[in-house]
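A.B. asks: Chain B: place on chain A using the hints.
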Amino acid sequence: MSTNLSRRELLFGGGMGLGTVALSALLAEQASAGPLTPKAPHHPAKAKHCIFLLMEGGPSHIDTFDPKPKLDQLHMTRFAKERNKFEANMNTGERYYVKSPFTFRRAGKMGIEINSLLENFSDVVDDCCFYRGLKGDSVNHPTALYHLNTGNQFGGDPALGAWASYGLGTVNQNLPSFLVLPDVAYPQGGAANWSNGFLPAYYQGTPLRPEGAPILDMAPPPGMTAPRQAANLAFWKELNGFHRARRADHAELDARLESYELAFRMQAEMPGVVDLEKESPATRAMYGIGGPDKDADALGRRCLLARRLVEKGVRFVQVIAMGWDSHDYIDKAHGSRLRAIDKPVSALLKDLKRTGLLEDTLVVWAGEFGRSPDNGIRRGSTAWGRDHNANAMTVWLAGGGVKAGAIVGATDEVGGMAVETVHPLRDFHVTLLHLLGLDDARLRYLHAGREKQLSQVGGQVIRPVLA
Amino acid sequence: MRRLLPLFCFILPLFALSGDELFRERIEPVLSRDCQGCHGSVQALSKLAVSSRAALLQGGARGPALLPGQPDQSLLLHVLEGRNGLQMPPGGPRQKLPPETIAAFREWIAAGAPWPARATEAKWTYKDEDLWAFRPVRPFDPGKTIDSFLPSPAPRADRRTLIRRVTFDLTGLPPTPEEVNTFLADKSPQAWNKLIDRLLASPHYGERYGRHWLDVVRYADTSGYSNDFERPNAWRYRDYVIRSLNQDKPYDQFIREQVAGDELYPGNPEARIATGFLRAGPWEHTAMSVEAVTRQLFLDDVAHHTVSTFLGLTLGCAKCHDHKFDPIPTKDYYRVQAVFASTEFARPKLPFLPTENTTGLAAGAAHLQALYDRTLARMKEFRQNHPDSEEHEEFKLYRKHAQLYQDSLHRFAPLAFAVSSGPLDGQTDGGPTLKYPPLAGYRPAPVHILPGGNIQSPAEAVTPGVLSVLERVGGYPAAGIPDRVAGRRSAFAQWIADPRNPLTARVIVNRLWQAHFGEGIAGDPSNFGKMGKKPTNPALLDWLAGALVHHGWRLKAIHRLILQSTAYQSTNFTPRRLEAEALRDSLLAVSGELNREAGGPGVFPQINEDVARQPQHRMGSLAPPYTPSPLRRQRNRRTIYTFQQRSLPDPLVEVFNGPTLDLACERREASTVPTQAFGLLNSQFANDLALAMAARLEKEAPTLRTRLERAFALAFSRPPQPAELTAATRHFRRMLAYHQTNPPPAKPQPRPLVHKITSELTGQTSEFLQAPDPAPYEANLHPSAVGPATRALSDVTLMLLNANEFVYVY
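Note that the protein sequences, when read in sequence, are chains A and B.
Residues in the first sequence are numbered consecutively from 1, following the numbering used here.
Residues in the second sequence are numbered consecutively from 1, following the numbering used here.
Just chain A, with the same shape it has in the complex:
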C-alpha cells in the first residue's frame, strides 16, 4: 500500500472533529516555539549542517592517510613490550613492526599522500583538511566510540548531533533533526552512540534503517490500509476533542495532537526522501550504487541519502561504515574497506560541491582510534595486522569553514604517537561545534543540578584546521 498520502487525507479524511483551519493555526503557533525551531548560532559560521562519516572499528592512519616509510625498514623487527599494569594485555608482550602492505599516491595540488586504492578520492583531496594530531583516551571499542560520539567514555551522554540540534534547532520540521544511517548491524555500544542523553528526546538521533521500514513502525501493519487508518484517525481526533473540552487547561494535549500530525508529515515525506531512484543513474553510479562491490553499494546508498537529507534541511547526519578492526591480514581487511569507501565518500564530496551544499556543510571522517605500527604475536604466528592505538589517528574535515587541502599535525616516524599540534578529543569536539557556529562553553544544559557540556570540562578550538 502507498504511504504517500497527504496529511489532509490522513488526518481529516473523516471531515469530523476540530476544523482544519483552526487546528492548523494552532499547530503553526506551536511550531514557532518548538524545541527544534531554528535558533541563531553563537557566532557566525559557514557550516549549517554536518555529515559525520563514522568509521567503526578504528581505521589505520598508517595505511590510509599518514604513510610511514620508516616501517619498511623496521618490518618484522621483533621487540618485547613490557607488561605494564596500565596497558591492556593486547598491547603488551612480544611484538613486531608491520610495514604497510599498501602503496601511496600523491594527490591534489599539495601532493598529499593517500592510499593508492583510493582512486576516486584523489579528486577531492584538495577539499579536505587531514588532521594527524588527535589523541583519544580509550583503546576499547565501545568506550572509544562513546567518547568520540558523546564526549564521554561512558554511554548515556548526548551525542554531538544531539548537542548540535539542541543548539541550532533544525530547518525541516517534517524530519528529525539528527538522523543516523547505520549499517544493518549497529556499531559497538549500540544506540547510546546517538543518544539524546539528558537532553530532551527531541534531540535524539533517529536511525534510518537500511532494511525494513526506515523508521520503526513508520508503516502501518499489513491490513491497515490508508482509508482505514484515515477513518480511524478521524475517530481518534473526535475522541480527543471530547476529552480536550473537559481538560481545557491541559496544554500538553495539543502537543500530543501535534506529534501525531508531525508523525504523518514524516510518514508522507520520508518515502520520497529515501527513494534513491529519484537520482539519475549517473549520480547513483558515481556513489558506487549498483556496482560489483556490495559494501560500496550499501555505503553509497547511505552517502547519497545523507546528501539528500542535508538538502532537505536535516541538521546532522551520521553515516556509519563498519569493519575497520583489522588485527590481522590488514592488506585484505583494510583493502576491502578502502575499496568500499572510495566511491561513496568521494562521490559525496563531489556531489555536495556540485550542488553548492559543501559551502554550508561540514563533513567529518573519523574512527574511534587509530592503529598501532606494531602487532602482537598471537597463537604463535604473525599475521601482519595492527592493534588499537588511541595515541595517533588521522581524521579529516571538509566543507564550510575548513582549511581545504591541508595537513595539520603529525605523528612520530612510525605513527605510534601524535607529536605535533596534539589535541585531546574534547578539543576536536569544541572545534566541530565551533565550525557549526556553537561555543561549547555556552552550549550547556543543566542536568540534575550540574551544568553539562559536550567537552565535559571545556576545551579549545584547534585553530589550524579552520579556513
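This list has only true hints and no planted wrong ones.
Just the calculated beta-carbon pair ranges, DEER-fashion: (1) P69/A with P387/B: 36 to 44 Å; (2) G620/B with E94/A: 17 to 25 Å; (3) P387/B with A467/A: 56 to 64 Å; (4) D360/A with S46/B: 35 to 43 Å; (5) E269/A with S32/B: 42 to 50 Å; (6) G620/B with E269/A: 34 to 42 Å.
If you are wondering where the hints come from, they were derived from the structure by calculation, not from laboratory data.
Every residue, glycine too, gets a C-beta built ideally from N, C-alpha and C.
C.D. replies: Relative to the frame of chain A, chain B by itself:
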C-alpha cells in the same frame, strides 16, 4: 566597579561570592581551559605562564600581568577586554570571553586576586542556604499533618479521578471497572483509606515502586559495552527489591542489606542477593581493557552511586578535584572509595527461597539446554568437515552462540549476583576474562588520592572513611571505618542508615514525594548539594523525614500520610503521561492479555520485528537473534519482568522516554515525540492488543452498546458520554462496512533469519541461516481468525488505546 553591580547581579549571583569562591568557580576554570594551553607549565608563550599567582605577578615579556587590587592597571584585564590592540584569547572579537566572565576577572582582581591553595581539605566557606541538607533534620512533631505545611488546597477531585490516580500511582496499572464500581459504591468515610490499604497490600505495589528504585539503581540483566554479557542471576536482585517493598521492610534495613548484607547478615540469603545493588552499573573487562583501570572504574562507580542513591550527593565531582560546589574534598571521595576497596565480585551458590518464583525454571533450562546442545552438535559436525574450522566465520558464530547459551543457563541455577569482602572461597565471577585475586594472603589494594583522577600518579594514601561534611556542618559524628578486609561496608552502611544522618531520610521521602506528585519537594532528588534545586518546602521535607524514622523507617507509612493529605486528593494535580512501563502494562491489562505472575528470570516480550532481527555484535561474532518467549502468557508479563538488555531495549519502552540503562535515572522525562505515535498506532504489538481487546469485549458483553460501554470503562475508568457513544457506534458501523468488503491480510509466514558476517580478517561477507527456535510459537490472535465485526471493533479499541485520555493520568 561597584557601579556595574546592578547591571550584572541579576544575571549571575557571582558578586555575592567570596574572593576564594570567585576564584574557584569563575576564574580558575577559565585560566585552565582558555589560557594554559599557550601560557602554562608546558609552554609559556611570551614567557608568560598563568598557572600560579606568583607567575602572573612576575609576568612575561610584557611585564607583570597582575596588580592585585588594581584591575585597571592589570595587563591581564587589558588583554581580556581587548584594549590597546592586544586581545586574549586570540582570534578577533569572536574569541573574546563573555562579558560576565571578564567582569568576574575584574571583581577577582579588585578583591586582591586571592589564589587559594589546591587543598585536599576544603577550606573555603559556603553560603548557609547551600548547606541545608547537611544540617540536622528538624525535630518531628507528631501533632502535625502534611496539610498543615501547605496552603489550603483546591477542592477534592471526583472519585473516578481519584481511584484512577491512586491506582496508577501505587500499582502502575489502571483500576478495573469492578474496582471502580466498588469504590464508588462505598459510601463509608473509610472508603478512601480502605482503597489505599488494598493497593498498598497489592503485590503490584512492589512492582511499581520497585521500578522507581531500579531506575535509580540502573538495573539491567546485562553488563553493557561491547559484549553486553548476560548477568544471569541479576533477576534475583530485581525480585528482592519488589519483595522488600511489598513486605514494607524498614528502609534502614533495606539500605544495610544492599550496601553490606553479606557482612551484616551472613546467615540471611536475602541479604546476600541484596548486594547485587553494588554491581548494578555497566561493567566490562576484555583483552583491550587495562585491569587496573577496570577495577578503578568499578570503585569510582560504586562509591559515586552508593552516595548518590542514598545520600543524594554527586560524589563523582570530587574525583579529580575538590568538589566545586559542595563541601566534599577529594580526600573524602577516595576515603569513601576505600570503603569498597575490599569488595570483590562473587557468585555464591544460594538455594532458591520459598518467596522466589521458581515455577518456570526447569522448562526454561530445558529450552536453553536444547539450543546449547544443538549448537554443540553443529560445531562438532563443522569441525569434522573443516580441519581449519577456527578460520571460518560460521564456526565462530556457533562457538559464540554456544558460549552465550552456556552463560545464560546460569539463569536457572541457584546462584547470586553478589559481592563479598575479599574473594569468596572457591567462587569466581568476573565475566569471562577477569582473573580473580588469590584467596590466600588477600589484601585489598591500598587506595590513594589520584590528583586529576589519574590512576598513574597516585598521591597520598587514604584509609576508609565517610563524608566529613556531615560532622563539620551538621554535627553528625563521622563513623570509624575499619581498615580490615571485612567490616568496611558494614560500618559505612550503618553510618548511612542512621536516624542522625541528615541526608538519608530526607532523600528517600523526597523520592517518594516525587513519585506521588511528579516533582519532589527538592527538585533534583539525587543532588541535595548546592547545585540541586532547593526544597520548596523545607519544613515539610523535614517533617516527612522525621515521620519516616518515627514510623520505624516504613515507607508505607509515608505513602499513607501523603495519600491521606488533601493535597494529594485535590483537583489541582499535575497531569502526567504514563511512563513507558505503565503504558505497556496498561495496554496489556485493558486488552485482557496481562499475565500478573510475579518474579522469576526475565521474559522476552514481543518487540518490533525489525529490531528483533537486527544482528547483535559480540566480540568476534554475532549473538543469537532476539527470540520472543514462545508462550503468550510469558510474553505478556509486566514490563518490570522483561529481560533488560542494555544494548537492546524494547523500542516501545525506549520511545516513551524509557531511561538509558547505563545511567541512574532520578526522574522520568515525558517529552512527546512523533515516533511515539508510530509505536502506539502502527506497531504490531499495539494492533494485536487492540484486536485482543475487541475479542475480550465480545466475550464479556452481549451487544454493541454494552461492548462500547465496557471498552470505555476498561480504558478510561468511566462510562462513555452520549456523544462519545454515538461517535464510537458510528465509527464501528463505518469500519464494519469497510471490513465486510475488505478481506483481512493473510497470516504471516515465519521469515527465515540470515546472519551476515563481515570477516575482520578478510573483509569478506558471508551469510548463514539461523535455525528456528525449537519451541513452538504461540501466535497472537490474528485478524484472519476473526470476523469483520471483531476487526471493526478493534478499530475502535486501537483508537481508545491511542487516545489522550488513555495515556494521561489526572
